[in-house]
Every structure is written in C-alpha cells, then in structure tokens.
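**Q** Sequence:
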Amino acid sequence: MRLKGQKVLVVGVSKGLGYATAHLLLKEGAEVVICSLEKEKLDEMEGALKKHGKVKALHIDGVKEPKKLVDAAVKFLGGIDHLSVMIGGYVEDTVSDPKGLDQMLTNHIKAPILIVQEAVKRMHEGSSIVLVSAMKGIGKSLPNQLSYGIAKAGTAKAVQTLAAELAPKGIRVNAIAPQQIDGEFTPGRDWKKLRKSTGGSAPPEDFANVVVWLMTEDSWVVNGAIIPADRGYNLM
Numbered sequence: 114m115r116l117k118g119q120k121v122l123v124v125g126v127s128k129g130l131g132y133a134t135a136h137l138l139l140k141e142g143a144e145v146v147i148c149s150l151e152k153e154k155l156d157e158m159e160g161a162l163k164k165h166g167k168v169k170a171l172h173i174d175g176v177k178e179p180k181k182l183v184d185a186a187v188k189f190l191g192g193i194d195h196l197s198v199m200i201g202g203y204v205e206d207t208v209s210d211p212k213g214l215d216q217m218l219t220n221h222i223k224a225p226i227l228i229v230q231e232a233v234k235r236m237h238e239g240s241s242i243v244l245v246s247a248m249k250g251i252g253k254s255l256p257n258q259l260s261y262g263i264a265k266a267g268t269a270k271a272v273q274t275l276a277a278e279l280a281p282k283g284i285r286v287n288a289i290a291p292q293q294i295d296g297e298f299t300p301g302r303d304w305k306k307l308r309k310s311t312g313g314s315a316p317p318e319d320f321a322n323v324v325v326w327l328m329t330e331d332s333w334v335v336n337g338a339i340i341p342a343d344r345g346y347n348l349m
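In our numbering, the protein residues as written are 114 to 349.
Careful: at least some of the hints might be erroneous.
[What the hints assert, rightly or not] Okay, the calculated beta carbon distance ranges per label pair:
| # | residue 1 | residue 2 | range |
| --- | --- | --- | --- |
| 1 | K253 | L218 | 31 to 41 Å |
| 2 | M114 | E238 | 18 to 28 Å |
| 3 | P211 | K140 | 35 to 45 Å |
| 4 | D156 | V335 | 14 to 24 Å |
| 5 | L348 | K234 | 31 to 41 Å |
| 6 | E238 | T274 | 17 to 27 Å |
| 7 | L150 | I226 | 12 to 22 Å |
Since the hints were derived computationally from the structure, they do not count as laboratory data.
Backbone N, C-alpha and C define an ideal beta-carbon position, used for all residues, glycine too.
Based on the sequences and whatever the hints tell you, model everything.
**A** Laid out in structure tokens, this is it:
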C-alpha cells in the first residue's frame, strides 16, 4: 500500500471523481477526510467508504470557512500529508452574457487557493497537492465556454505558481486535466469494461488513479505539472 498511514483531505467530493479517489486512497492505506456541500450524498459515500478504512465526511463550505474545514480535518486525521481540491461546476456562457463568471472563478480558482492557503500551514516536506483543471482550459477552447475555460486555465496557472512557491518547502503541486469524466463511481465494479473505444472520455476510476499516483513517492519527480487526461484526444 503506497500511502499507508498517510492523511489525505479531499475537498469537493462528487459521486464521480471524488468518490473514486477517496475509495482508491483507502485501498492504498490512507486515512481520508471527504468534504462536500451535498450532505445527503456525502453521508451516503461515507457509509460505503467506511468498509475500506478510516474516513470521515465533513459538510463545511471550503470557500466561506477554509480554516474551519482544515482544522476539522486535522482534528480527525491528526495532520495533513496530502490535499486534493476538486470542487466542480460547469456553466456554458459567452461574452454577450457571462452569467457563469463569478461561480466559475469561485469554484475553480478562489476556492482551491483559499483551501490551499490554510492546508499548507499544516503540511510538510513530502506533502503534495492535486487540483483539477480541464482540457478546455489548457487545450482547444469552445465558443460557449467562456467562464469555464478561463477558470480552468486559471487553475492550471495556479498550479504552476503554487508549485514554484512551495517547492522550497518540499511540497509538490500538480493537476490533472480531464476531457470528460463518464458517469458515477460504484465501488467494486469492473470499471475497465466501461471504457469507450473512441473519444477522450473515461470512467472516474481512470482519473482517480492519476490523482492518487500524484500523491505517492512514485511521482516524486513530478511538480508543477498539468497532466492531460484525455487519451490524446486533443492531438487528433
């Protein structure tokens, strides 16, 4: 188990990527705190995950109360070795009506930065942070994704800037950039059979594997990277 005894906070846990990541972390021996604003779904996930290891769900707004969130996680875990912020949200808009601008900038830039600000106070040499950008932020843009594309591009730049700032402390910062995450996670399923033969989409387990790898010593040499997770779709 590559993360045995490691303490991990995962913020913005959905029933897709976040759920799959928490499950894989537990299988790798980590102790995990999951956080989301959707309390009913969060409690359901906590109940299922408890079968696999030490886990606790926190229903705390990381944007409004990042210190409260980190303090509660530290109280349960006894510290933080790794952090992943994967708060989601998607809005289609254009410059004629940038209706999603505030929400997208908050979800994909402001929230991760505020949570990282508090978490790094408790982290140490050998710790790591993993954020979630998107191929629409670092690759080809679409005309109806103004706010989303800008925000996800900002996530990518935040990763690079944070990595440069935190490198002297021995804290790595990376991100994955998915094309499309297909469906919700179900523990124990044969998810490889759900892979599609074409396109850049994949089940959440495929992306969770990369997130967890970025927290292990196997990826020690990787820092400040935004890893395209689209099977090369954007190169075709």
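**Q** Identify every previously stated hint that the structure contradicts and give their numbers, smallest first.
**A** Per hint list: 1 and 4 violated.
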